[in-house]
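Q: These are the residues of each chain, in order.
Protein chains: 2
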Amino acid sequence: MKRLAIGIDLGGTQVRAALIDADGKILRRTTLATAADAGPEAVTDQLHQVAMSVSAGVSSEHLVGVGVSSPGPIDTERGIALSIPTLAGFVGISFKQMIRDRIGLPVWLENDGIAAALGEWRFGAGRGKQNLVYITVSTGIGGGVVLDGRLLHGSRGLAGHVGHMTIVRDGENCPCGNKGCWEAYASGTAFAQRARLRASGQSETMLGKTEAPIDGRAVFEAALKGDALAAALVVEEADLLGVGIANLLHLYSPDIVIIGGGVANGFDLLQPGISARIKSAAMPSFRDTPIVRAALGDNSGLIGAAALVFDAVAPPAMVRI
Amino acid sequence: MKRLAIGIDLGGTQVRAALIDADGKILRRTTLATAADAGPEAVTDQLHQVAMSVSAGVSSEHLVGVGVSSPGPIDTERGIALSIPTLAGFVGISFKQMIRDRIGLPVWLENDGIAAALGEWRFGAGRGKQNLVYITVSTGIGGGVVLDGRLLHGSRGLAGHVGHMTIVRDGENCPCGNKGCWEAYASGTAFAQRARLRASGQSETMLGKTEAPIDGRAVFEAALKGDALAAALVVEEADLLGVGIANLLHLYSPDIVIIGGGVANGFDLLQPGISARIKSAAMPSFRDTPIVRAALGDNSGLIGAAALVFDAVAPPAMVRI
Numbered sequence: 012m013k014r015l016a017i018g019i020d021l022g023g024t025q026v027r028a029a030l031i032d033a034d035g036k037i038l039r040r041t042t043l044a045t046a047a048d049a050g051p052e053a054v055t056d057q058l059h060q061v062a063m064s065v066s067a068g069v070s071s072e073h074l075v076g077v078g079v080s081s082p083g084p085i086d087t088e089r090g091i092a093l094s095i096p097t098l099a100g101f102v103g104i105s106f107k108q109m110i111r112d113r114i115g116l117p118v119w120l121e122n123d124g125i126a127a128a129l130g131e132w133r134f135g136a137g138r139g140k141q142n143l144v145y146i147t148v149s150t151g152i153g154g155g156v157v158l159d160g161r162l163l164h165g166s167r168g169l170a171g172h173v174g175h176m177t178i179v180r181d182g183e184n185c186p187c188g189n190k191g192c193w194e195a196y197a198s199g200t201a202f203a204q205r206a207r208l209r210a211s212g213q214s215e216t217m218l219g220k221t222e223a224p225i226d227g228r229a230v231f232e233a234a235l236k237g238d239a240l241a242a243a244l245v246v247e248e249a250d251l252l253g254v255g256i257a258n259l260l261h262l263y264s265p266d267i268v269i270i271g272g273g274v275a276n277g278f279d280l281l282q283p284g285i286s287a288r289i290k291s292a293a294m295p296s297f298r299d300t301p302i303v304r305a306a307l308g309d310n311s312g313l314i315g316a317a318a319l320v321f322d323a324v325a326p327p328a329m330v331r332i
Numbered sequence: 012m013k014r015l016a017i018g019i020d021l022g023g024t025q026v027r028a029a030l031i032d033a034d035g036k037i038l039r040r041t042t043l044a045t046a047a048d049a050g051p052e053a054v055t056d057q058l059h060q061v062a063m064s065v066s067a068g069v070s071s072e073h074l075v076g077v078g079v080s081s082p083g084p085i086d087t088e089r090g091i092a093l094s095i096p097t098l099a100g101f102v103g104i105s106f107k108q109m110i111r112d113r114i115g116l117p118v119w120l121e122n123d124g125i126a127a128a129l130g131e132w133r134f135g136a137g138r139g140k141q142n143l144v145y146i147t148v149s150t151g152i153g154g155g156v157v158l159d160g161r162l163l164h165g166s167r168g169l170a171g172h173v174g175h176m177t178i179v180r181d182g183e184n185c186p187c188g189n190k191g192c193w194e195a196y197a198s199g200t201a202f203a204q205r206a207r208l209r210a211s212g213q214s215e216t217m218l219g220k221t222e223a224p225i226d227g228r229a230v231f232e233a234a235l236k237g238d239a240l241a242a243a244l245v246v247e248e249a250d251l252l253g254v255g256i257a258n259l260l261h262l263y264s265p266d267i268v269i270i271g272g273g274v275a276n277g278f279d280l281l282q283p284g285i286s287a288r289i290k291s292a293a294m295p296s297f298r299d300t301p302i303v304r305a306a307l308g309d310n311s312g313l314i315g316a317a318a319l320v321f322d323a324v325a326p327p328a329m330v331r332i
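These protein sequence lines map, in sequence, to chains V and D. My numbering puts the first residue of the first sequence at 12, with every later residue one more than the last. My numbering puts the first residue of the second sequence at 12, with every later residue one more than the last.
Everything labelled a hint here was simulated from the structure, so no lab data went into it. Any given hint could turn out to be false.
[Said to hold, decoys possible] Computed list of lysine-lysine pairs in DSSO-like fashion (alpha-carbon distance at most 27 angstroms, straight line):
hint, chain 1, residue 1, chain 2, residue 2
1, V, 290, D, 190
2, V, 190, V, 13
3, D, 13, D, 190
4, V, 36, V, 13
5, V, 190, D, 13
6, D, 13, D, 36
7, V, 236, V, 140
8, V, 190, D, 140
9, V, 220, V, 236
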């Protein structure tokens, strides 16, 4: 019998949902703007709305459950949203229970970095690997890890908060309140801020010379057109990514590192600089680990959310130890 | 029937061995100075010698096997010493096979940080926990991690090389060749070097005023006697330890962090500074994780080596998921 799951990728700006089959194929999808300021009840209503939308007409005997990827921190042992910065009112609420009550199907809830790692593991660039690190570099930096053939969770399911390791003691301010976090240097936000700062008052660069805002995409485009400042910014961003990735190689010893998120759109430009830093910063045993771009693009989390469901109801025996 | 294992803790200066029972109790022990310059054959002979010494007269039906904790990096999937800096000639050799051939008993070989983490998990400060990080702070900084009720290995068994995460981008030189590693700042070696540098030419401190060398122990002793420079050095060391530990909290999300190695002798003095840094550097969800001293002291690795054997032949079901 064909098994189907609803995958939902809840973000600070969009709620995306899809009906997904056990091969990770998206059959239908829908998107809403997140009611980020409206509180947990309103957001849960949105999850219900998108779930109904993508599963309309699907027989309940085919529908295995709902997987939800959510911004963290979520205590996934208890299904509780601890304190989600991007969603108003998500402090200490029993989010998993709320979703289950509203949708009326079995629910799996996961921190977004871990859900995306699962998506890439089951259906993307990490298929068949025993050990992988997934990082998403966009507004912030998040991640998820598979080691020894298992998705890592740690206490309360909070492992893999890779963006908040310090790479510069007492360095730049991070939105988390700490100083010197990897996220404060290498996120898409930090990359764009650095670009705006350096481009300001510079006549030699094309950055900032049009109506378009200076963001990561604009820097990558300018670099491709030979803009020297943009090229230097890309080199610096790559180096900063490399510092953090080298750390992750020593800490987790993955077979592969997978990069997703908006900044991964410039992966080909960043790749040489990332590799150069890893060559100098990583011990010989770790230097040759492949660093690749996420294969599922924007859908790692969405497909990963569905994979939570399939993994729980019928784990793929072949990749378990 | 009483089951016994031989635990061997191979270090750069000492080979320590013990006969250990399934409760982690040391029944007999012996120590040799490591023939660190004499090559793999000579070191393997030493392992044979200490194994025979502690198991003399023990019936083979009681003796389950030999566990060896070794300086890394060891590829424990293949039993190969990749390139051990402290032992001459240990480059790409089939170390596990050599030990097995020489001793004639089943052998388990593990990277030292991971073996010590296992020792603390089974018989020390981490007993019964599902998630723990063990770090050893001495000449360098090493570690081992238990997550979701399992000892982490990662690709080739090299996970947990926590000493070589960068905490200061392009910072101080590390023996590994990189710059800015945690080990380059917070190891016992770095701590002692900083103390010697700061004490030099200072008349107000008792450090360096006797024949005794300035090392970590001397700094702790002087701090206890009210020496201001020593107290400041302790505060700085604690802060540097805290930076790295805060990183590990985000990366692994342990229930507890266990500190071993020589620098842990000053744990009570270091503890307030470690906690202060964690309060400022860790996100709220991670701040209250207990940081404790290793319960097995110098024997975490020795007892952990024996635990490798007992875990393999009869894993304790209760702590597995």
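Q: Does each hint hold? Answer for all of them.
A: Now for the hints, and whether the structure bears them out:
1. V:290 x D:190: holds (12 angstroms)
2. V:190 x V:13: It is violated: about 50 angstroms lies between the C-alpha atoms, which goes past 27 angstroms.
3. D:13 x D:190: violated (50 angstroms)
4. V:36 x V:13: holds (12 angstroms)
5. V:190 x D:13: At roughly 54 angstroms apart (the allowed maximum being 27 angstroms), residue 13 of chain D and residue 190 of chain V break the hint.
6. D:13 x D:36: holds (12 angstroms)
7. V:236 x V:140: Measuring from Cα to Cα gives roughly 37 angstroms; hence the hint is violated.
8. V:190 x D:140: Violated - the C-alpha atoms of residue 140 of chain D and residue 190 of chain V are around 31 angstroms apart, more than 27 angstroms.
9. V:220 x V:236: holds (14 angstroms)
When the structure is compared with the earlier hints, violations turn up for hints 2, 3, 5, 7 and 8 and for no others.
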